Amino acid sequence: MTSGAYNYSYIFKYIIIGDMGVGKSCLLHQFTEKKFMADCPHTIGVEFGTRIIEVSGQKVKLQVWDTAGQERFRAVTRSYYRGAAGALMVYDISRRSTYNHLSSWLTDARNLTSPNTVIFMIGNKSDLDSQRDVTFEEAKQFAEENGLMFLECSAKTGENVEDAFLETARKIYENIQNGVLDLNSAEGVTPKPNSAGGAAPKAEGRSDCAC
Amino acid sequence: MASLIDETGRRRIINIRVAGFEISEDHTTYQIEVQIDSVKWQVRRRFKEFHYLHETEIQGITGSLTEYLFEKGDLWLERGYPFEFSILQLYAINQRMRLPAPTCELGSSFKSDFGHLLDFISQLETVKLTGSNRRYDRSNLVPNSLHYDLSPFKRLLRLQLVQVNPDRLVGAEHLRARLLTLSVRASVHSIRQLLLPEWPPHRQLGPDAPVYSACTSADFSDNELSEIDAGVKLMPRLKRLRLKGNSIARLDNLDELEHLAELDLSKNSITKLDSVHLLVGNLKELELANNRLTGLEGLSRLYGLVTLGLQANLISDLSEVAHLANLPLLARLILADNPLTQLADYRVRALQLFDSRASELVLDDEHATAKELDTIAVLQAIRRSRELSLSSSAAVAASSCSPPAVLPPAALQPPFRCQGVLLACPQHPLPPLSQGCHAKVDISIEKQ
Numbered sequence: 001m002t003s004g005a006y007n008y009s010y011i012f013k014y015i016i017i018g019d020m021g022v023g024k025s026c027l028l029h030q031f032t033e034k035k036f037m038a039d040c041p042h043t044i045g046v047e048f049g050t051r052i053i054e055v056s057g058q059k060v061k062l063q064v065w066d067t068a069g070q071e072r073f074r075a076v077t078r079s080y081y082r083g084a085a086g087a088l089m090v091y092d093i094s095r096r097s098t099y100n101h102l103s104s105w106l107t108d109a110r111n112l113t114s115p116n117t118v119i120f121m122i123g124n125k126s127d128l129d130s131q132r133d134v135t136f137e138e139a140k141q142f143a144e145e146n147g148l149m150f151l152e153c154s155a156k157t158g159e160n161v162e163d164a165f166l167e168t169a170r171k172i173y174e175n176i177q178n179g180v181l182d183l184n185s186a187e188g189v190t191p192k193p194n195s196a197g198g199a200a201p202k203a204e205g206r207s208d209c210a211c
Numbered sequence: 212m213a214s215l216i217d218e219t220g221r222r223r224i225i226n227i228r229v230a231g232f233e234i235s236e237d238h239t240t241y242q243i244e245v246q247i248d249s250v251k252w253q254v255r256r257r258f259k260e261f262h263y264l265h266e267t268e269i270q271g272i273t274g275s276l277t278e279y280l281f282e283k284g285d286l287w288l289e290r291g292y293p294f295e296f297s298i299l300q301l302y303a304i305n306q307r308m309r310l311p312a313p314t315c316e317l318g319s320s321f322k323s324d325f326g327h328l329l330d331f332i333s334q335l336e337t338v339k340l341t342g343s344n345r346r347y348d349r350s351n352l353v354p355n356s357l358h359y360d361l362s363p364f365k366r367l368l369r370l371q372l373v374q375v376n377p378d379r380l381v382g383a384e385h386l387r388a389r390l391l392t393l394s395v396r397a398s399v400h401s402i403r404q405l406l407l408p409e410w411p412p413h414r415q416l417g418p419d420a421p422v423y424s425a426c427t428s429a430d431f432s433d434n435e436l437s438e439i440d441a442g443v444k445l446m447p448r449l450k451r452l453r454l455k456g457n458s459i460a461r462l463d464n465l466d467e468l469e470h471l472a473e474l475d476l477s478k479n480s481i482t483k484l485d486s487v488h489l490l491v492g493n494l495k496e497l498e499l500a501n502n503r504l505t506g507l508e509g510l511s512r513l514y515g516l517v518t519l520g521l522q523a524n525l526i527s528d529l530s531e532v533a534h535l536a537n538l539p540l541l542a543r544l545i546l547a548d549n550p551l552t553q554l555a556d557y558r559v560r561a562l563q564l565f566d567s568r569a570s571e572l573v574l575d576d577e578h579a580t581a582k583e584l585d586t587i588a589v590l591q592a593i594r595r596s597r598e599l600s601l602s603s604s605a606a607v608a609a610s611s612c613s614p615p616a617v618l619p620p621a622a623l624q625p626p627f628r629c630q631g632v633l634l635a636c637p638q639h640p641l642p643p644l645s646q647g648c649h650a651k652v653d654i655s656i657e658k659q
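Chains as they are written, first to last, in the numbering used here: chain Y, 1 to 211; chain W, 212 to 659.
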């Protein structure tokens with residue numbers, strides 16, 4: 001086991017939102033496991049994943065909440081916005097209705113997060129270009145009008161998935177550097193916990209038991 | 212153990228009533244009856260103790276875990292220690308993920324964010340889960356009646372279950388490709404019940420059955436297994452299998468486990484073994500202590516066997532031990548607490564069966580003593596000389612120009628000192644030494 005997994009300076013909280021079936025869980029899986037999950041079950045309540053990334057030379061742990069897109073879980077989903085440093089708002093480029101609902105998701109995101117939360121708009125399933133229902137230009141314009149970052153991705157091929165998560169983190173980090181984001185208020189960014197009692201003692205020559 | 216609103220936003224049925232109160236000198240104690248859906252419990256509390264109720268709620272349980280693990284979680288993970296959850300804690304975590312409640316309280320620090328707890332859980336490799344069939348505290352809630360979901364453990368490699376209800380387990384499917392070791396105690400009456408709950412019990416296990424493809428070590432000790440059921444085939448890569456302390460009478464369903472090297476069946480109800488090599492031919496260690504075995508013939512061709520434990524069985528005849536004499540790698544044998552150990556000179560007579568390998572065999576945790584080896588050598592010499600005389604006379608009879616027979620080296624180490632030992636078969640007269648033998652063997656034997 002490498003100590004890399006415990007070596008990071010910040011924790012950022014992310015939330016992934018969007019209609020049912022746009023591929024939120026698959027994006028998370030692709031990002032954390034670098035694999036495409038073929039038949040992904042509907043998310044009940046929330047799912048969770050983490051990964052450590054590097055932003056401007058700093059190691060940052062992303063704690064990502066993947067919410068249920070189904071309307072009946074909207075109450076649960078809404079409660080998870082609080083304290084998110086980044087929100088990934090996802091639609092499916094092959095299903096126009098999921099794009100049309102973005103303004104409703106955006107309203108939730110704006111109302112339930114802090115003004116400093118970085119909102120990144122993702123057009124997922126870019127591999128289904130032949131069934132495209134929403135043009136890139138149109139979506140790009142919507143993003144610009146609303147001050148959102150935007151990319152088209154494919155959770156299936158992995159295209160642009162990393163970029164979406166990383167660019168969001170870069171923007172959050174920039175906000176910390178600029179002093180826009182206050183580390184002392186719960187805005188989804190925490191410095192790494194100090195292991196109580198000073199420096200973390202090194203694991204004493206004890207290999208992982210394979211009992 | 213409930214929240215006021217369930218995962219779909221529906222209000223739960225809640226009844227809370229003060230059933231009575233007592234006034235003592237300086238305080239009042241209330242009897243409070245709480246009912247949420249079908250769960251009902253009673254508490255007696257002083258007013259200032261009301262916050263205690265909160266502890267038993269989901270948020271309370273997950274909250275205290277979160278705060279602890281935010282500080283200590285990474286250290287725990289770094290050291291690779293197992294972490295123990297109660298079923299109630301896991302249930303609370305599962306339910307917390309369905310609650311329409313923010314991950315942290317408004318105004319509280321991000322330290323108490325529920326995400327840190329899930330973060331820890333998603334990285335944990337070794338988990339112990341402990342259930343209970345007794346009511347929790349003063350409620351009518353039995354932890355083993357609750358469903359518990361293992362899917363938040365995304366990196367789980369080693370799972371230990373103690374006194375859990377396998378029928379309430381969900382989310383174990385994703386463990387199938389990953390889990391390396393599984394240990395289950397006081398929980399199941401069949402292996403299949405735990406490993407393949409989604410199939411109806413009568414459905415045959417074919418090649419389409421989902422298997423625990425990475426699992427190399429399984430321990431189902433101290434359960435209520437009455438047989439080695441077909442569920443064991445769902446762990447085709449098993450190297451170690453422990454089934455101690457069940458009620459198993461026969462070896463079944465092991466023939467597909469071609470990697471199985473260690474098998475522990477101690478404290479079961481085995482009376483007879485037939486051609487064990489046909490089932491588990493690659494076995495190196497076999498533990499059969501505390502069974503009711505009388506015969507060992509079934510083990511005679513388990514040629515890979517290195518360690519064999521037979522303590523506290525019903526083996527009364529040394530000729531049964533002779534069935535083990537041809538196991539070329541056998542290095543450790545336990546026969547203690549069998550009737551045959553009461554036989555006069557049991558150790559020498561048992562060791563002698565292993566011939567020249569007697570010196571290498573550890574019998575009942577002891578190497579053969581020099582004295583025992585001497586005695587065995589004498590017995591061997593006698594036997595060989597007898598064989599020799601028979602074979603040389605046969606040879607002479609067959610062909611007069613055959614080369615003179617030579618005694619094997621064991622017989623050429625005179626003088627033997629055999630004071631105070633018994634021969635295995637003192638009633639048989641010594642055969643005359645053959646004429647071609649130059650070694651003068653001087654043996655004195657005390658007859659009993």
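Don't read these hints as lab results, they were simulated from the structure. Check each hint, because a few of them may be wrong.
Stated by the list, open to error - With a straight-line Cα cutoff of 25 Å, these simulated BS3-like cross-link-like pairs (lysine-lysine) come out: (1) W:Lys339 x W:Lys483; (2) Y:Lys156 x Y:Lys140; (3) Y:Lys192 x Y:Lys59; (4) W:Lys283 x Y:Lys59; (5) Y:Lys59 x W:Lys322; (6) Y:Lys35 x W:Lys339.
As the list claims (entries may be wrong) - Far from chain W, some chain Y residues (derived; all Cβ distances over 10 Å): (7) Gly45; (8) Thr50; (9) Tyr80; (10) Arg82; (11) Gln177; (12) Gly179.
The model shown is predicted, which means the values in this text are computed figures rather than measured ones. Where a beta carbon is used, it is the ideal one built from N, C-alpha and C, also for glycine.
- Item | In rising order, the numbers of the hints this structure does not comply with | As far as the earlier hints go, 1, 6, 7, 8, 9 and 10 are violated by this structure, in ascending order.
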